[in-house]
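Asker: Read off the chains here:
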Amino acid sequence: MRRPGTTALAPPATVLIGCLWLVVACAVGSPSEPPSIGQASPTPAVSTPRATSASTATASTSATGAATASATAAPTLAPVPPTGGLASPPDGILADAANSVTGNDGSYCWTSASGTACVDFADFGHVPELAELDPSAAGAALTFSTDPSIEFISWKASYGTPDGDLMPLANGGSDYDPDGNATPPAGMTKGWFAGPPTGTWILTIGIHLVDGDDASYGWRMTVP
Amino acid sequence: MIRICGSAFVATVLLALCGGNALASSPTPASGPTWNPNQHVDYRWKAGDEPPAWMKAAINAAAQDSNDSRGAKAAVLSQSDSGSSWIAYSADIPTTWAIGYTVRSIPSNFTMRLRPQGYPLDWGTLRWCQFYDSPPTGCYDAEMIALHEFGHSQTLDHPDDADVDTWTDTVMHWAPKTKSKAGWNQHEFGPCDVARLQIRYDPLTNSTPYSTCLDLDTDMSLSASATSVYSGGSITFTARLRVADDASWPLLASNPLSGRSIVIQRRAVGGTSWANVGSMAVLDDNGRYTRSLTLTDAYDYRASFAAPNNEGLEGTTSPIVRVTVYSSGGECGETKSLIERHGSFYTC
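Chains as they are written, first to last, in the numbering used here: chain A, 1 to 224; chain B, 1001 to 1348.
So here's chain B without its partners, still in its complex pose (with noise of 0.2 Å):
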């Protein structure tokens, strides 16, 4: 017992020296199914139960937030008097101390109430500082909260403040913070938000960067239009990057990812140490970048995608490619072959 004892102790004496550091902020939970994607959601002021001018601004607000902050293929918010799902100004939301209660029922719509200025809660009294020329200390930001529903209304939840590691990663807190603590006007989904919606919705494109939240894992394949050239002969080669198979999220894995910055390298044959020979260009939207170049002598290659600082995303290389290069006019044992398949370029 004894023994079992002391190695249970060291074992967490371990942990706390070697794991003290490891905070990092999760993507957001969520939860239920999802709406369609890209699916526009409409809402409506609730007949009776309409807000003031100043809150209908700060509500609108926050949907065009919602939309242009989402970086996935989430519900597009916008205000309309026909629309299926409706916001109310009320003090119909269950328990005696919530500011806002929002319902999802998707695909079909969703309800948001927000409490009325002034309300007694059983903490205080509500203020919104929308509704202050000099909003005070301790208001609440109305365009903030409304964001923080329209993330309810996206399937989104509350992440546990230990799993934040940063207070702007998310808008989804537990307990939103008033005017004039740090994040209380935060206008826009954090990371660890986009992270969850672009693992519910997928990202808006295949261009779209990643959400920092995020770290997943690339691949790349790397492929010449010939394997050898006669010197002074033109190699065109294509480059394909995507999220790796083994994502974490089924709906991400294998995901192309286009418009990133590809760089083509070389090595001598039997050397160690890789050389940028260029930048490949962007070949069309489905992941694929190219880059012809004329070659004199014969080199590995492989294309790199170095790991960006803004999106949540691994770097990679492509397995590597010999191309051998001949003297004009020298042998050649794949000549025919060549000329059958690469007919159009100048090989062998």
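Okay, chain A solo, but in the shape it has when bound (with noise of 0.2 Å):
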């Protein structure tokens, strides 16, 4: 083992989304600057009611699961409220091009008045009722956001079969370590990835705040 650093991408995954971001910057053509993938980014500002809806984000893709974003990627300057706000941590919410779904809650950490509270959580492979998001194709370009909104310092997704290990899908964010000498460093309101490839999976994403806590949520996606 080696010093913290940042978990880098398999190689196929890299290039998957290197393609993406080649496709997804070089169509939009904007002056300003394109969503960065596994970065907090300007994506368009998603709808966060737990029943399925649409978002304003659109996107087609082509059948080698290349996204092409046709959408204009307006940047969400709301307020953010403090999350020392929030007794427990806010939905997860995950948005496609087409709907935004609450994923179920998972274990966290999370800071209040009363101290800090963690809950663990078994594992979602095995939740009958798990919230579902279906992309319409691999790679498909996926945001997510909380409700309330708010700020986190990194974000990782993983997924995987419900009886596999996961495999690390995108990451966006800082290891900010607050028992280190760093700065604590931006927070970010959203992350944008690349989908999985084909097939059935449990989709998890784990976020961390600058104090420590932390937050994780699950999804069902089955990827045409």
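No wet-lab data here; the hints were simulated from the structure.
What you are looking at is a predicted structure, and each value in this text was computed from that prediction instead of being measured.
Among the hints, erroneous ones may be present.
What the hints assert, rightly or not - Stretch by stretch, here's where chain B covers chain A in the computed footprint (C-beta under 8 Å, at least three residues): (1) 95–109; (2) 211–220.
Said to hold, decoys possible - According to the in silico footprint, chain B covers these stretches of chain A (three or more CB under 8 Å from chain B): (3) 119–129; (4) 174–183.
Using N, Cα and C, we set each Cβ at its ideal position, and we do this for glycine too.
Given two chains presented individually in distinct reference frames, assemble the corresponding complex, making use of the accompanying hints.
Answerer: Spelled out as structure tokens, the structure:
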């Protein structure tokens, strides 16, 4: 094991994401910064009801799985409520071009006035009522956010089969260590990434906040 | 635009090709205030929600697992009827899916709740392995889950699975495994849990191994009782080993490192290759090591600490100390001052 560092994606996934980034960036062609895969990004605002609803983003996906965004990426700069005001983690929202779905809550550690509470979940693999989001194609563009919106410093998405180990899919933000010497990084309110390949998966997203608190969310996903 | 996109694509491909093997576990995340060093934290069984005997045994075993494997001055846990912290066997846990729940209010106390055997959750019926004479596949090991909860009481949070290279690097996973998946019954903190406890609490002693989940630079100094001596005279070398001053974690920076293997090496004056002379003995618990040598020729000396494979320290060598050796009766320009400073040694 080595010094803590950035977790690298598997090469194929990184290449795929790189291609997606390239296509999206070149297609948008805007003088403003394009959304960066694996980082906080100015993705379209996503509605956050528990029921499926249309988001403002539109995208088409080629047969090869490379998404071509046709949306104008309007930055979401609404005021962010202070994290400490929530007694428990906010809902986690995952959206593709057509839908946004509130995920099931997973384990978390959350600090409030009464201390830090850690709730430990079993796993998402066997939850019969797991929230489901079915992207239209492999590698479809997905957006993660929370409701209410909070700032997190890192997020990591993983996927796997219900009985198998999870594999890294994408990540963003900084592996900031509150116990170290580093300056706290800027927070983000969204993560933007390319979805998993064809198959039926459990997709999980974990977030970490600047003070060390964490939360996790899960979805079921069938990718054609 | 095309040039920018092309550069980005090339950079991404290079990242994929060059960075694909960069997976490495990080110290388990943690947050909030810590207990005092080695603070004794006693827990009692919550009245009205006492666990059954088999669960009590598992919890007490987990507390001992924490004490035995913490590798740091984290809290020392033990059961006592007068404890200020409490543990309950209760369904009074937020959500319809959780199996364990810990709230820490440091440095006062913590509370822990474990769901009862057979409780219907939204993902199925909870089964604790310790409840059965022959634990079925799919049960949760109560000792490991309790250790996970004690980890929360010690300020540990959850690592992202993407940050964990080997499952057993931590017991603090978002979702623990059931029997008989690998790691389902781990009964000690993983190295990345220990790393975080050491970062937050300091290692137990200066001789305690640093977790292999860390990768700390080290510094070493070397001094000699004299820098010149008559042939056949004796010189005592003293080395001091410590964690580098600029370590990423302030609590670990400059920590003395005792009980390690230090070798003194020499090379001919003007030479380039070093040869081991011998091991240096531990002088004290403050990271100092010593070795006395009888010298007949002039050499450059240094102390060497090779990176051990059982802890997270980088190797280092000290700056060079040159010792000049004079033939008996020869000239010695520093005779007077050396005798004054090192009168007990056989020096010029």
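Asker: Mind checking, does the region 95–109 of chain A have 3 or more residues with a CB under 8 Å from chain B?
Answerer: Per the Cβ count (6), the hint holds.
Asker: If you count the residues of the region 211–220 of chain A with a beta-carbon closer than 8 Å to a beta-carbon of chain B, do you get 3 or more?
Answerer: This one holds; 5 residues, not fewer than the three required, reach chain B with a Cβ under 8 Å.
Asker: Would you say the region 174–183 of chain A counts as covered by chain B, given the rule of at least 3 residues with C-beta under 8 Å?
Answerer: Coverage by chain B holds for the region 174–183 of chain A (7 residues, Cβ < 8 Å).
Asker: Is the coverage entry for the region 119–129 of chain A by chain B consistent with the three-residue Cβ rule at 8 Å?
Answerer: Satisfied; 10 residues make the cut.
The structure fails none of the hints (numbered hints given earlier).
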